[in-house]
Structure formats: C-alpha cells, structure tokens
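K.L.:
One line per chain: the protein sequences are V and P, in this order. Letter by letter, the first sequence follows residues 53 to 724 in the working numbering. Letter by letter, the second sequence follows residues 53 to 724 in the working numbering.
It should be emphasised that the hints constitute simulated quantities derived from the structure, not laboratory data. A few of these clues could be false.
Since the list gives no way to pick one copy over another, a pair counts as held whenever it fits inside one copy or between any two copies.
Result set (DSS-like, lysine-lysine): computed pairs, CA atoms no more than 27 angstroms apart in a straight line [unchecked claim]:
1. K720 / K653
2. K720 / K202
3. K202 / K413
4. K150 / K706
5. K290 / K686
6. K375 / K686
7. K413 / K315
8. K686 / K653
9. K375 / K301
2 protein chains.
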Amino acid sequence: MDIAELRSAHPDHWKKATAIRTLTLDAVAAANSGHSGMPMGMADVATVLFEKHLKFDPKAPHWPDRDRFILSAGHGSMLLYALMYLTGYEDMPLSEIKDFRQWGAKTAGHPEFGHARGIETTTGPLGQGIANSVGFAIAEEIQRARWGKKIIDHHTYVMAGDGCLMEGVSQEAIGLAGMQKLGHLIVFWDNNNITIDGTVDMADITNQPMRFDASGWHVQEIDGHDPEAIDAAIELAKNDPRPSMIACKTHIALGHAAQDTSKGHGALTDPTQLQAAKEAYGAPMGDFEVAADVKAAWEAMGARGAATHQDWQTRFDALSASKQAEFNRQYAGEAPKKLSATIRALKKQISEGAPKVATRKSSEMTLEVINPICPETIGGSADLTGSNNTLTADMGTFNPDNRQGRYIYYGVREHGMAAAMNGMALHGGARPYGGTFMCFTDYARGAMRLSALMGVPATYVMTHDSIGLGEDGPTHQPVEHLAMLRATPNMHVFRPADTVETAEAWELALTSQKTPSVLALTRQGLPTVRTEHKTKNLTAQGAYVLADAEGKRQAILMATGSEVSIALAARDLLQAEGIGTRVVSMPCWELFAAQDEAYRKRVLPAGPVRVAVEAGVRFGWDQWLFGERGKRDKGDFVGMPGFGASAPADRLYKEFGITAEDTAAKVKALLG
Amino acid sequence: MDIAELRSAHPDHWKKATAIRTLTLDAVAAANSGHSGMPMGMADVATVLFEKHLKFDPKAPHWPDRDRFILSAGHGSMLLYALMYLTGYEDMPLSEIKDFRQWGAKTAGHPEFGHARGIETTTGPLGQGIANSVGFAIAEEIQRARWGKKIIDHHTYVMAGDGCLMEGVSQEAIGLAGMQKLGHLIVFWDNNNITIDGTVDMADITNQPMRFDASGWHVQEIDGHDPEAIDAAIELAKNDPRPSMIACKTHIALGHAAQDTSKGHGALTDPTQLQAAKEAYGAPMGDFEVAADVKAAWEAMGARGAATHQDWQTRFDALSASKQAEFNRQYAGEAPKKLSATIRALKKQISEGAPKVATRKSSEMTLEVINPICPETIGGSADLTGSNNTLTADMGTFNPDNRQGRYIYYGVREHGMAAAMNGMALHGGARPYGGTFMCFTDYARGAMRLSALMGVPATYVMTHDSIGLGEDGPTHQPVEHLAMLRATPNMHVFRPADTVETAEAWELALTSQKTPSVLALTRQGLPTVRTEHKTKNLTAQGAYVLADAEGKRQAILMATGSEVSIALAARDLLQAEGIGTRVVSMPCWELFAAQDEAYRKRVLPAGPVRVAVEAGVRFGWDQWLFGERGKRDKGDFVGMPGFGASAPADRLYKEFGITAEDTAAKVKALLG
C-alpha cells in the first residue's frame, strides 16, 4: 500500500483517520498488550461512517434514536475508544486511553458494556457483535412501527472481521437478518485476509459476498481505504431494503512494518517501527498526540449529532405526556405498574383451582396475562414454539410484513437467538424472552454468558428440563445444565415447582434490571403444590418452607421443580412413620444465597438430616447439604448419577431412583 | 405427490423404500412418540444409497474401510434403525424396532453411539452429524495417505435436514470441509421445506446450494424421490474432487395425510391415517410386516458388502505383520508401548531442571515427545496455534496438498473443531486433540457434551484458564468453566500445576478409552512444584499430598493448577508461624472421586481446617470442603467472587485476593 498516495489523495480525511491509528499504536505500546492491526485497517471506514453518516451525540450517549455502532471484532477495542475520545464522549478522556487495559480503567482489553456510556455491547468473543446487531435491528424495526419514524428511525452499523464470519453464530445471524429483511442493518466486513494463525485461506475459502447474497442480503465490495467509495457504499446500503454487507478490502496494520501479516493482528510495540509508521503517516510524533485541528474536526462530528438530537427532542416533547411516560418506562426497563397485581390474581386463581399442568404450560398461562400489559416483551423460540409454549394470543408474528408483531420464529438457531435477545435488551425499550429445550443451552452458552457479564435482563425459557422429557433420550435430557447455569455469576436460575412459582419467577424476571433469568420448565404435568394463596412472592426469597414437620423435626427435604412434589410425597411417607419432615422448595439458589443469614438458618436450621432431590447431577448441592451449618449433620442426594436414557418419563424416574420411596429410604438410612 | 405414479415408475425400488416407511410408521405408533416424517421423506435416497453405493457389511459393522453413514437429522432415527434391521445387522433384530424408545432398547429416541454396532455417532442435537462428518472425512483422508488406497478408501455420507443447516455449527463444518476439499464427503440435504414451527421460510430464505457453492462445494439439486436421479447424483458426487452437497427435494411424511406439513415432522400415530398410508403404498398391512422378498432384497445389499469386505481382508492380510499390528493398535485406540517410558523420562528431566513455564508450554513440551511416537494424534487449534501451543515440529499441516499432515488449522470455529474431533475419534485410527481459550468452551459445549455422552476420548487443550491471562479481560477469563466441565458426567477435567502434572495428564488423556479429557492450562509461567521425581503417575489418583504438614497438622490447603504454587507459598507462611499445613494438589476431581474411600481419607483426613484455592468460582468446592468427613470441620475458599477484569495478571490476583497472604489469613481466621 502506498501510504504517500493515500495521504495525498484525501489529505483531510487522512489526518482524521490517522489519529485513530496513532492513538491505537500508542495505547497498545503503553499497555504492551492489545491488538493494533484492526483499528489501523478499519480507521478509514470508521472515519467516513462517523463523519458522514453516524447519528450520535457524545453528550447524550444513551439518546434512544441514535444509530448503534457495534464493534463485533472486539479485540480492535482501541478503534472504539479512539473514536469516543476523539468525538468527545465524557466517559472517554485521554487519561482512559493512556490507561488502556489497566486495572479500573474503562478501556478494558475488549469493549465492556457498562464501562463507558457509548459502548453499546460487550464484544470480544467473536461473532457476538454481529449476532447482537440482529437484535438491535429487530428492536428498532418494532419500535419504529410502534412509535413512528419521527421518534425511532436509526441504523445499526457493525464492524466484523474474518473471525466473526467464521464463527457459526454469524450464519445464524445472517440467516435471520436476511429472512427478516432488516434494512437498517449495515455490516462492514474487515476483509484483510489475516487471522491469528496466518492468511484466511489456511482455514477458509468462503466467498463471503456470495454467502451473504445467498441469505438475501444486499452486498457491495469496496476498497476499504477509499473514503469516497466508503461513503457511496454506505449511501447505497441505507437505501436498500435488505440488510447490507459491505466487504471492505483493507490492509491490517496499514502503514506499519507488520502490515498484511498475522503479526499485525496483535500488539505492535516496537518503538522504532512505531515511529516509522507515524512518520509515514505524516502524523504528530508525540505519544498520544493529536493535532488540535484534527481533534476539532472530530469534535465537530459530535456537535453535528447534538443538533440532530435536539431536533429529535423537540419531536419527542410534542408527544402526549402519557406517551412520553410510557416510552420512558419502556426505555428504563421498568415493569408496568399492573404487573404485580396481575401476577397475584393469577396466583390466587391457580392456588384455588390447583390444576395439574406442566410448568412450560404454566409459563404460557403467565405469559398470556403478562404480554397484554407488557408491550415491551418480544418473545420467540428456536423452532420449538409449540413445545416451549412461548407464543401468546396477542403477540402477532414479527416478519417483514408485520413490524408490529412481537413474536419471532428464530429458526433452529439457539445461539443466534440468545445473542439477538442481548441486542434487543441493549437497544432499550425491549424485554426479550426466548425458548428452546434446556439441553440446548449448550448451543446458546456463548451469548448467555454475555447476558450475565453485561447484566442484561433477558429471560431464557428452557423447557424439557430433565429426564422428565422421556423418550427423546440423553441427547435431549439436561443433567448438568442446572449446575452449569448456577455456576455462572449474575444469573438467576429458576426451577419452579408449579404454576404459582412459575408466575412468581416471571414476575422476578420481568422486574430484573441487571440479571438475566433462566426458567427451567418441565415437559410433564405437575400438581400444584402452592395450594394456599400468598400475596407475597415467596420465590423472591429463593427458598422457603413449603411444608413443615409435624412433631419433632428430624429431616429436611430440599427440592426444586418437578421434584418438589416427590419430596412432598416422601414427607407423607416419613410422617406416616412418625418422622417429622420439613420440605423446602428452592426455586432459585442465587436469591436464597442473597438472603440474610438469619433467614437462611430459619429455612435450613442445623440438626435434622438433609436430603436434596433434583433430577440432575449432585454437583453444587453440597453447598446446601453441608456448607453452612453450625454443627455436623448428615446429608444425601437423590438425583441423576450421570446421563439419562430414552424411555417414558415415569419409567426413567423409577429406574434412576428418583421417587418418594427412594427419598424416604435415604432419610431413614441417614437417621440410622 | 402422486403415490401411484411413484409406485409404478420404479416398482422394485418402491417396495424396498416402502419397508422403511411402514416400519417407521409402526414403530412410532407403538411408541406413541418419535418422528415419522423424515424417514418417510428420505427413504428413497437411503434405499438407493444402500443398494447402489454404500460399502458396508452388516456382519462386520466395525470393518475399518466401510463407508460411514451419518444421520445428522437424528430425530429421524427410525430411518437408521429400519436400514439396519432390513439389511441384517445383528444388533438390530425386529424386537428392537418393536421396542423403539423403550427402557433398555438399542433403539433410543435418537441414535446413540454404542447402543448398536452400526450406529456411527450420536445425533439429535442438530448440526452435530454434519459437523462430525468433517472429522470422519479428515480421518479417512489422513489414513488413505498413510495406509494406501488398498486399505483405506471410503466415503462419508450424511443426511442433514433444514435444522442442521440453520445451526451455526453447520457453517463451521461447511467452511472447513470446503477449504479442505474433502472429496469423499457427500451430504444429502433433506430439502422438505418444513420445520417444527412451520415452513422453513418463516425463519430462513437462504439459498442453500448457493451457500455451499460459496464455500467451495460441488452442488447438485435433484428430486429426492426419483431413484435414477439419486443414483446419478451420487455417482457424480463420488467423482468430484470437492465435498458434495446433493439437495434432495422431498416430501416430508410422503404419502401420509400429514405430508408436507409441520405435523408430519412429529409422531404420526393415528391408526386410520396409518392404514391409509400403507394402502396407498401398496404395502403389507400388518404391524411391522415386510414382505419376504423385500426383506431378502435388503439382505442381499448387506451380502454384497460382505464380499467387498472379504476382498479388503485379503489385501489387509497381505500387509506385513508389523503393519497389521500397528494398524490394529491405532484402531483399538491403544497407546503406543513407548508412551509410558517417554512420559517418565520427560518428568524426570523436568523435576531435575525445575523450569518456570506456563502449562500451555508444558503441554507443548509433552506433545513434542508424544507426537513422534503417536502417529494417530491429529492436532489443531481454532486459530490460536501460537497461544494454545498445540503444534509440534513433526506434524506437518493437513491440507489439500498434504494429506500426510496431522495438524489442522480449524479457523475460528471452536464448535466445528470439537465436533470434527468427535468424528475423527469415532472413525477410528485417530486420536484428536484441539485447542482454544478455555473461555470458549462456551462455543464448543454442544460437541463437548457429546464427547462425554458417547465416551469419545478426545482431548481438549484449553489454555488461558483463568484471570491469569490478564489484560484480555472478563470476556476471555473463565471463572465458571471448571465447574461447568466438572459437572458434566464422564469428563476428566485436568488442571495441572506444572509440567510434571501436565505430562501425567497427557498420559492419562492418551490412554483413556471412553472418557474425553480437558486440559486447563495457564497462559502465565508457573514454577515446577514436582521437584522430586516419581515414576508413578500421581495425577492418576486425581489428588495427592504434595507437601505435608510439619508438626501438628492443623490445616489442609487444596488447590489446582496455577494456585498450587500459591498454596505452597501460603504453607510456608503458616509453617513459619508454627501452623502445620498440608498442601493437596487436586489436578482431577473425577479421578480422585473414583479412588477408594481409604485413599481419599488419607489425603483429606478429618480434623484440620480446609481452605481451597482456585482462581475460579467456589461452585462445587463444598464437596471437598465439607462433603465427606467424619466430623464437622471448618472450611473456606480463596477464589473468584464473580467475573474477572482487564488488567495485568499479577494485579488481578492481588485485587481479587488470590494470594499466599490471603490464603494464610483465611486459615488463621478458621483456626480462630
């Protein structure tokens, strides 16, 4: 690449783009760690996007109608940080750039949502950003239909690298976006032909434009260092009704000795090479130095956005007070006022009627009363709508012909669904939930972990939560998944025992601000165990005494979900023999652990033997069997020794010894 | 679809294909559960494949040079079971078909590897089969190059549905297979335009042939009910040097009232409709009835294979005795005799030299001595070769120009890599290992669980196993992953403390027959803690006393991996204050749990306080802190409270309180 030619062809543009490159080089050198090549390669695209197209206001980073800029290739975080610093985001002063990758800095190795206002999503695990962006774009479509173009009408721009496109989740995103004709989604592919291991063709020969085209995208191929070509391509992309992919041919680490090599992907810290690159750029030579006129030009881009924002504010202020309040409620992620009373009414009705239903059906019953009062919910399933019971009568299908619809047929795309849910929640004004079989959390883990890490209150409706699903067999029967999810920080794992607990779990999920929720629900019918109506949400305490011992308390049975009724039956057997037995329902360990010690000790006092019952592996249960007591007690576990099997559910429960009789026998063995 | 026309056009073919359809209908009806539509739609393709092309011998299901038949759309398991019964596999008598989906039957809801010889892999979780098949085909290529075409020269045939192709892992498989030009891989796409939620276009409009074409595949589109077209397409596919995709336009549940509907995907059990379908087919009307001449025709296909097998056996017997022995050793999955001595020599050298190295480097040092004596290893990385340290000098790169190479650049495809590794191991004659960052087990979980469920001894080289990776931050720092993996049944999770334990872990991984292994390895340098050479593999016991208390034993420190040296330093602090402290290294919980109780109690006797040290979440540790003791003792944990952060590693260890000082302080607090 002839740097001199690039400099002279578009000198003003060049200086602006160069500021990104030199800040990147300096920050990575100071940290002695990071990824220099991507920001240096994509600086031209970013500069044109921010200067000519992106709708953003650095003084109001959360303005709802801003365009979203998603750096899917998150290792190139310095691109984002440099853009934020240059355009004047308050959270991104130069001191943060100088502190790149250091303890307490907002400039983490990869962009972390929540560290600085202006970081739209956490990226780094490849493919997540492009998959999030589908959710951002869906939320925008729905809200544009709901509030009108004067209030919501913006684009989602994504920068994705070769790695993002090799990850399978990208295909799920591309397929979903293409079918949904998400015309406001524009993806720049950083086509530099380099990955960590070498040139891309060592691992992939995919014709990416053809691949996107095959899924219904608008595709362009340009020189990613030509500002006029970039501008023209963005203009065309904005005017096409399909999602757009712009393949930008770029040089990784442009102008550096490591240009076009896999070395250029990583940390370029050699001081001589760094200075040589700056010299070739014609850039200021000082560390972190940006010429005043260049900084001013960048800040002017931000100022342009402030004017656009003000125009929007005027339009927004013209809305009725009630519309404004409703808009603000949805964007604040606050549950509607009616929610609590609605849940209470359902609980009362259920406690009185005491139906026997599967908790997946309980969830549907709850959604049937929730969705009409929560217009911000966006539901869906990864091709298991009838099994996950995620669709309610009022929702309507979201598709290119119906942007008011709130139900999404995600296709067989668990990972893409979870990542899109993250994007919707991050967009604001949306509260996504989505379903699949619980076993296939395995497929969605990459995005579910990011829900937890980012503090995104998405709700995962995971049905068929144990061997209770029966004949489909061990590939479909989760046994370790409750443990996996419970081990994940900042995740509420609910396993409700009946419809009442399911409704309570939904209430907690919908009022959560910073924690995703997983609802583990049964395929098989369960009796109502909460037959006495309580207005209080008992699930909020995580665990509670469902049935206390009669007579001397000799045993405590702890159980979740479908095994709570087994524990109650075991209690009957034990009480019949005069063994006083308490049953504790534990629908959410995380919430129980968050209660004060006094409450926990009231629920699980020292003394009695303890037996836990859950149709999963024991892993993690020792915390409650032994972990927190004043004196040594005996404990045991009734559950799965390993993987399940294919057979009718009742037979499986018997064969694996998860029955009232087995539970009672273990209690008696402990009591000697 | 005009059934009468199909019947009359190819009457002999029709009868054979019909047998698959009626067995499916009867088995699903008897089980009142299952998936009828796919076997009914793909019966014609299967019949032509088995009759005209597939190289198989029902009397020798494990014959190494057989073609592999992979039912990626595993819910259509009755297709496979019917084929096996009809052609005469010993493990698949009619009684098994009649027992479909029942306790103890070989005919599980989805095909389970190990249930019956002839089931090549476990499928059901969509996309796994097609991704496995890439591994099958790679193993075949390598072995064809190694042993010559007379010994290894077969095809891998796959049946994949719309769901398989929507799953992201399919793109990883398609991309990898296309780049690798796996000409012996032939995928039939069951193009029936139906998924569970409805027609495919509700979720996807992807032009699949174009998508495969974009990744370098040979593509054909045919009528999947026309036996001549099927035959011709397979012939062309076999003769093309690229992997082939044959798009077969089919009718789901052909000839049944539910044909071409999403209802047809599931269990078709209505007796009247069932009888009507049989009548339209002109099939025998009895339950599970197959006309004798039709059964004989199917068995003749199997007999044809027996002759081909015999020819192969003659060629194999002509090999030298040593070649035969080596071939058989590799197919039996037995480690080479030299392995043990080689590992011992490395251990001795390390214990004497006591180098400070990262365990990812320790793993490379081990592989450098292992790979030259284990020609069956196939290594690789998901685009992190230099970081995972998975490549050794002798391996050579596997690519279209070098089929002798044993190292695979998988690209940024963790899930595809893991699924391909399963395929290689299942093919036989190969022992795969592959690397990525440990955090990205999240992406590979779908396939890793199947390694465990199938009992496939693949080895996962998971480096950068904690906050010790430093600046890349929380997206790249596993904290819950050790717990997730340990919670998974039949998985050995090794977290070695130094090079000696790493070498021991590799020895165990390479001698494992039925259990996959995960090696959790550090980015950061670690001191050698095993400075006294022991010939015995101490890691095989899972946990052992690394340093015992001097004086009265008041405390036990348990640690794994990088925290073992922290525990040793804490012991020094405590012993200096006269507190007798034992340090137990616990590189593999699963193996420790498998020791007899006497050994476990010797290592972890009752009495002393216990503190566990691990740079991950506490989840699961209570098992060892409290779970198995004769009297109540106190315990505590030094580790991560939640997600990590971006900063240099040393700073993170200090900030999160994972130091010798913190550990010693917790011990003293417990001792009061």
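K.L.:
Now look at each hint and say whether the structure bears it out.
P.N.:
Hints versus structure:
1. K720 / K653: both (23 angstroms within a copy, 25 angstroms between copies)
2. K720 / K202: Answer is neither; intra-copy 69 angstroms and inter-copy 65 angstroms both fail.
3. K202 / K413: Classified as neither: same-chain Cα gap 40 angstroms, cross-chain 58 angstroms, threshold 27 angstroms.
4. K150 / K706: between (63 angstroms within a copy, 22 angstroms between copies)
5. K290 / K686: Neither: 67 angstroms inside a copy, 64 angstroms across copies.
6. K375 / K686: Answer is neither; intra-copy 59 angstroms and inter-copy 58 angstroms both fail.
7. K413 / K315: between (54 angstroms within a copy, 20 angstroms between copies)
8. K686 / K653: Answer is both; intra-copy 16 angstroms and inter-copy 17 angstroms each pass.
9. K375 / K301: So K375 and K301 fail the 27 angstroms test inside a copy (46 angstroms) and across (51 angstroms) alike.
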